[in-house]
Amino acid sequence: MFKSLKIRIAITAVVCLAAFYFLIPTFISNIPSPWSQYLPKEKIHLGLDLQGGMHLVLEIDTDKALEAMVERTSNNLKESLMENKVRFRNLEKAKGATISMELTDAAGKTVLEKVLKNDYPDLEIASTTTRDGGQLITLRINAKRAVDLKKLTVEHSLETIRNRVDQFGVAEPEIIPEGDNRILIQLPGIKDPERAKNLIGKTALLEFKIVDEENSLDEALRGNIPEGDIIAYGTREDKSSGQKGQVPYLLKNKTLLTGASLETAKVQISDRFGEPHVSIKFNSQGAADFDRITNENVRKRLAIVLDGVVHSAPVIQERISGGQAQITGNFTMDESRDLAIVLRAGALPAPVNILEERTVGPSLGNDSIRQGILATIIGSLLVFLFMLVYYRLSGVVADIALAMNIFLILAVLAAFQASLTLPGIAGMLLTIGVAVDANILIFERIREELRTGKTARLALDTGYDRALITIIDTHVSGILAAIVLMFFGTGPIKGFAVTTIIGLCVSLFTAIFITRVIFDYFTRNYNIKKLSI
Amino acid sequence: MSMELIKPGINIDFVGKMKYAMIFSAVLILIGIGSIIFHGGLNPGIDFAGGSIIQVKFSKNISADQIRTALKSTKLENSTIQQFGANEFLIRTSESFSDPKMLEVNVGQPLSAAFNKEYEIRRVEVVGSKVGADFTRKAIIAVILSWLAILIYVTWRFELRYALGGILALVHDTLIVIGAVSIMNMEFTISIVAVLIFVIGFSINDTIVTLDRIREIVKRNPKQKLSEVINLAINETLSRTILTSLTVFLTLLALYIFGGAVIRDFAFAMLVGTVFGTYSTVYIACTSVLLFEKLQPSKMKRK
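For the protein sequence lines, the chains are A and B, in the order given.
With the first sequence counted from 1, adding 88 to any position gets you my numbering.
With the second sequence counted from 1, adding 1 to any position gets you my numbering.
Hints were generated in silico from the structure; no laboratory data involved.
Keep in mind that the hints are not guaranteed to be accurate.
Computed list of lysine to aspartate or glutamate pairs in DMTMM-like fashion (alpha-carbon distance at most 20 Å, straight line) [stated by the list, open to error]:
id : chain 1 : residue 1 : chain 2 : residue 2
1  : B       : K131      : A       : D149
2  : B       : K8        : A       : E536
3  : B       : K76       : A       : E282
Just a sample of chain A residues kept apart from chain B, beta carbon distances all over 10 Å, derived [to be verified]:
id : residue
4  : K131
5  : S162
6  : D207
7  : R250
8  : I264
9  : P265
10 : G311
11 : G362
12 : T382
13 : E406
14 : S456
15 : Q459
16 : V471
17 : V477
18 : T588
We put the CB at the ideal spot given by N, CA and C, even for glycine.
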């Protein structure tokens with residue numbers, strides 16, 4: 089390596105200063121103003137297991153999004169076919185995101201093919217079976233389009249969740265896609281994990297539907313649901329007893345307007361009861377639609393349905409122009425605030441499932457930091473003491489290298505903004521055990537050389553030279569194992585792998601380079617005849 | 002005089018005791034496998050099997066039975082409840098709550114009803130079975146991949162027969178740690194997989210140091226019998242092998258005692274791995290080079 093001792097001392101000094109530079113914010117919390125602009129701002133990041141927080145892996149049910157699209161397409165197709173005077177029956181969405189239908193007219197298929205070609209390029213005919221005069225036809229979304237749609241669904245969900253988390257107000261959230269249809273979310277320091285989960289996982293599909301008052305609700309509940317109607321439920325709380333009950337509604341299935349037409353939503357407190365509700369404002373198209381819908385349905389009831397639950401179904405007294413409406417219900421302040429957030433951020437294009445959740449409360453995180461630091465200090469002290477007793481002054485040199493090792497690992501973590509986790513602390517402690525190995529190898533070698541009668545200077549040189557290749561081999565194999573671990577690992581385990589890799593790289597520098605500088609400095613300047621080893 | 006744990010010039014006949022070491026290792030591994038069969042397989046943690054762990058701390062004295070009573074007629078009725086420090090408990094269930102509301106209904110509400118607000122949920126881990134299957138696949142791949150990576154590296158740096166000895170030792174270490182985990186009836190978690198891979202890295206470390214020495218002695222003295230060379234190399238590096246293992250052992254012991262309950266199983270498995278990693282270096286990895294010598298004669302000796 090570098091022969092000149094001066095250059096080597098300079099390199100050591102530069103590395104130490106750089107490490108010190110990156111660690112200043114971690115150890116000094118308030119840097120006075122003229123200095124602060126020249127120094128890095130970031131402290132060492134603590135992992136979720138140390139500072140508390142939530143780690144979530146969500147799966148987006150992209151199949152559901154595909155099915156919803158097929159459902160919409162089948163409704164549109166019905167109208168198109170009627171316009172084109174094709175005679176058909178039983179057109180409906182079938183299993184596995186397909187549409188099944190029966191053409192009753194032999195000539196129908198040519199027209200159907202033309203309609204598909206002109207207006208529904210995404211649809212293709214999957215199968216045709218001839219059956220007494222008519223044809224049974226199955227349509228499906230073509231494969232490329234289905235893949236695109238799924239991809240789009242994931243992107244849209246990611247965007248929506250980002251919006252929601254931003255508005256919820258979490259410091260430094262991490263939201264990244266994983267694999268085909270998964271999203272990884274990390275929310276450090278979250279206080280109310282349940283609320284955050286509800287906020288993120290809620291589909292928040294807002295729909296406006298007309299209540300069917302021409303047909304009997306009782307009859308429908310007995311199982312005779314009129315064509316084009318559905319039954320939906322709302323909750324009602326009895327104010328005096330506090331008991332919650334379900335109220336059924338008979339609704340026209342057709343959705344007149346959705347949350348997609350909203351411009352904004354905000355929490356307001358009602359004047360009369362002081363109860364919070366969410367007031368919504370439609371965008372210009374939405375407002376025009378709302379105007380038309382209310383005009384056409386005066387005296388009827390308009391149900392406001394959120395994720396299939398009827399929140400309220402007020403009677404439309406008169407045409408409403410201006411595009412304002414209110415969603416009431418028995419909301420708490422937090423609930424209405426969260427509802428406003430999800431409405432503003434928009435609905436998720438598909439339902440999400442929680443695949444993995446790891447939440448650590450802040451108190452456990454504090455305990456872990458305390459115990460982790462305690463274990464590191466005691467573990468390092470044991471090693472320091474052992475080296476001192478066993479190798480005396482040379483042990484002191486090794487100990488200096490070890491202290492540098494810890495210091496540099498922390499500096500690298502701070503510089504690269506990697507997180508320190510509990511397994512990371514374990515990794516650091518282990519690196520101390522392994523890093524000292526390099527020095528043990530060297531020292532044992534030097535002792536062997538001294539036994540053969542070599543001078544201190546020569547024994548030192550041979551010892552370092554002979555041990556070097558072994559040390560590189562052991563470090564490389566350790567780094568290999570840690571790299572495997574890093575690619576496999578999730579969250580905390582990755583922290584273990586990362587600190588181990590950093591630790592091993594740093595140890596190559598501290599255990600070989602720095603200790604050599606110290607030895608050379610003293611043997612050259614003080615004419616040492618006998619090594620204390 | 003310097004302090005010396007191992008006197009220079011020590012000459013223990015490791016190679017001669019190879020047969021007993023092999024039998025000893027085989028017995029240990031069989032005991033481990035027996036324990037796994039006895040327990041009806043490994044005890045997979047939620048990382049692999051899917052399920053939930055909820056860590057709850059109470060601000061007053063509570064027994065596991067009181068918690069069980071509180072959770073009666075919820076989905077957590079059949080969960081295992083384990084004391085985890087003073088007034089702190091782990092509730093484990095195979096149920097994985099993918100619906101955000103389920104946790105509140107099955108844990109929060111019944112606990113609040115029974116203990117008012119005198120508890121704090123400190124940690125929740127939920128892993129769906131789908132993710133669990135993913136982790137299992139990845140864990141197996143990772144362990145095998147780390148064997149392969151090291152096999153290739155050692156083959157490149159030394160010779161195949163040395164690498165084979167090293168890998169034999171690594172497989173040995175992996176099996177022993179898995180056996181120990183089963184005997185202690187510990188959960189097999191992702192942390193344990195991390196231990197396996199670390200032990201693989203640590204054990205090959207020792208092996209490489211000794212292999213390096215074998216190579217050096219062969220160069221110095223090409224006529225010497227291989228069994229003697231191996232013995233000499235192990236003896237010459239013995240002091241370093243034991244010292245390094247000792248320092249790693251000390252740091253792990255500190256972690257085991259002071260690191261807290263969350264990391265205790267991890268530290269325990271590491272301790273076992275360190276001890277057996279060192280043992281396997283001396284008795285398995287290096288001595289078995291002799292076995293492979295019969296399959297593929299040395300190139301080094303001819304140099």
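Structure-based check of all given hints:
Between the alpha carbons of K131/B and D149/A the distance comes to roughly 13 Å, so the proposed pair stays at or under 20 Å and holds. A distance of roughly 11 Å separates the Cα atoms of K8/B and E536/A; the hinted pair therefore holds under the 20 Å criterion. Taking the CA atoms of K76/B and E282/A, the gap is about 18 Å. The hint holds against a cut of 20 Å. K131/A, annotated as away from the interface, keeps every beta carbon of chain B farther than 10 Å; the closest lies near 23 Å.
At roughly 29 Å from the closest C-beta of chain B, the C-beta of S162/A stays outside 10 Å, upholding its exclusion from the interface. Residue placement check: D207/A keeps its beta carbon more than 10 Å from all beta carbons of chain B (closest about 38 Å). No Cβ of chain B approaches the Cβ of R250/A within 10 Å, the least distance being about 18 Å, so the stated non-interface status holds. The Cβ of I264/A sits about 16 Å from the closest Cβ of chain B, beyond the 10 Å cut-off, so the non-interface label holds.
Look at P265/A: its CB is around 16 Å from the nearest CB on chain B, clear of 10 Å, so calling it non-interface holds up. Taking the minimum C-beta to C-beta distance to chain B, about 28 Å, the non-interface status of G311/A holds against the 10 Å cut. Distance to chain B confirms G362/A as a non-interface residue, since its nearest Cβ pair spans about 26 Å, more than 10 Å. Separation of T382/A from chain B is adequate, the least Cβ-Cβ distance of about 34 Å exceeding the 10 Å criterion.
At the 10 Å boundary, the C-beta of E406/A stays outside the reach of chain B, the nearest C-beta of that chain being 38 Å off. Its closest Cβ contact with chain B, about 6 Å, brings S456/A to no more than 10 Å, contrary to its assignment away from the interface. For Q459/A, the non-interface assignment is contradicted: its Cβ lies about 4 Å from the closest Cβ of chain B, within the 10 Å cut-off. Remark: the non-interface label on V471/A conflicts with the geometry, its nearest Cβ contact in chain B lying 5 Å away (cut-off 10 Å).
For V477/A, the condition that its CB be more than 10 Å from all CB atoms of chain B is violated, with the nearest at approximately 7 Å. In this structure T588/A is not separated from chain B by more than 10 Å, as the shortest Cβ-Cβ distance comes to only about 8 Å.
Checked against the numbered hints given earlier, the structure breaks hints 14, 15, 16, 17, 18 and satisfies all the rest.
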